[in-house]
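Asks: In case you want the letters, here they are:
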Amino acid sequence: MTSSKNMQVTIGDLTLKNPIMPASGAFGPEMEQALDFDRLGAIVPKSITKFPQPGNAKPRVCETNGGMINSIGIQSKGVEHFLSHTIPAFEKYQSPIIASVSAESIEEFVDVSATLANQASIRGLELNISCPNLKGDGKAFGMDATITRELISQVREVTTKPIIAKLTPNVTSIQDIAIAAEQGGADGLNVANTMLAMAIDVDTRKPLIGNVMGGFSGPAVKPIIVRMIYQVAQVSSLPIIGCGGVMSGRDAIEMMIAGASAVQVGTASFINPTALTDILTEIEEYMEQNEIIEIEELIGSIII
Amino acid sequence: MQRHLANVLSNKQVSSRYWHMVVDSTNLNKTVNPGQFFQVRCADTYFPFLRRPLSVYRINENTIEFLYLVKGQGTSAMTKIQAGHSLDMMGPVGEGFRLDRSAQNILLVARGVGVATLAAVAQAAYRQGVKSYAIMSARSRDDLLAIEFLEDYGAEVFIVTEDEGTSDVENVKRIIKEDICATTVIDAIYTCGSRRLSKLSQSIANELHIPGEIALEEHMGCGMGACFSCVCDIREGDTTKSVRVCTEGPVFPLDKVVME
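Residue numbers (the numbering used here), protein chains in the order written: chain S, 1 to 304; chain Z, 1001 to 1260.
One side of the interface only, derived from the structure: several residues of chain Z facing chain S at Cβ under 10 Å:
hint, residue
1, Met1001
2, Arg1003
3, Arg1041
4, Phe1047
5, Pro1048
6, Leu1050
7, His1219
8, Met1220
9, Gly1223
10, Gly1225
11, Phe1228
12, Val1231
Derived contacts from chain Z toward chain S, CB cut-off under 7 Å, selection only:
hint, residue
13, Gly1221
14, Cys1222
15, Ser1229
I should point out that these hints are in silico values taken from the structure, not numbers from a laboratory.
Every residue, glycine too, gets a C-beta built ideally from N, C-alpha and C.
Assemble the whole structure, with the sequences as input and the hints as a guide.
Replies: See below:
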């Protein structure tokens, strides 16, 4: 990093040395072969559930124009394995760990969050409220403002660590859910999880995903996410983490101008294993070219 | 795993559906083993979007060869890459085949593009002084590849095709048991490319107490173990566990894979 540039951003009381972090589910310890984890603003492991769960039917990924659809189904080894294996694999790095939590009920969110909050090396929690609420007929928690508020407020009671609510884009008004998460006590908002999508093989007439529908990600979704970041920034004072379709430094900067304080990179790493650090380098070059000293100047700097 | 921009030395059509690519591997600085693969970028555009896993067909001192089936838009795009261009490839990825040093005779059971994976085993076997017996199954004679290549490495090749009505599982079973195993002690079985032939190989290996390995093919997302797209079930005692084909595989002990 150029010494005269300050790339620090804050999410609650968590200070990140730069705004770039991996998106949960698109990152694992294996990537250390290709990537310097110490350069990342934060480390975000794959979502963890309380108990082991097997994941969805295959095929779990398919390609689309400018992106992909996945239905992995949060294949997880459970929170005990996460604490004994996954966290130690990341603890050796300087970058703060933000644990992503997925659960089937509010009680389970609270339970897993309380367990993770006891770990000193976990510096923040990202609540994946985009997963199906099994007690609510499979509707995602984050599709309902009242449930979102209740879920966040209950988790708030068991931890003082920063809570980031990962919102679903599959709603009529993401602003209503963002307000509810803020009222519940969230410290940050992730905008957003993948978009519900579907693709069909016209030769076989079968869905290209074993689970029929899945989550759409990749560069094709970026304009929709930029719109949502802009909309959420109008109604919430919380820091926003933009997530969806970032492939380059300029994509990340676009999200920051729309209102994001930080940016997650997911699918881009599938195409280029060094995407995260390449994007950081491109942001540094942009700051240099545009004589930007503090990256925070960019946040919400859109000119309408 | 590293990302390389390898110089393409040639990329030619070798039959109606198959292409053969040779790339310069002098800058790889890594040993490549049979069964390992590279995650290859098919084009510089966002469609085809994901990389494609291509197993190594032939491993030479300064080059690596791929034999690929042109199946969809990704592999179609690959045919446009010309000699002199660069190939964006990540790898080598995964666990390859393990060839026992004490083996004397091995059996290869390949269907279609599975030969691209097993040819590298025949090449490694030849270098160790091991004789290969190879069942090559395909739709038609036109789809059969690498026969000369296998024979150059001392393999005895048995051809079965759908067109000639010889590729059914019962006939392949008869060839393996009567034409090969009745006169030769097979020390290991290696298979790739067909679920039916994999099941047969598993059953014969079990019956004749021969160790074996299988290279699995799966839809992959990242190819780095991060996304959990390409999982399969492996038997461990009385239980099964889900493993990633890209990192724990693609080669697994034949007796442990739960065939779907």
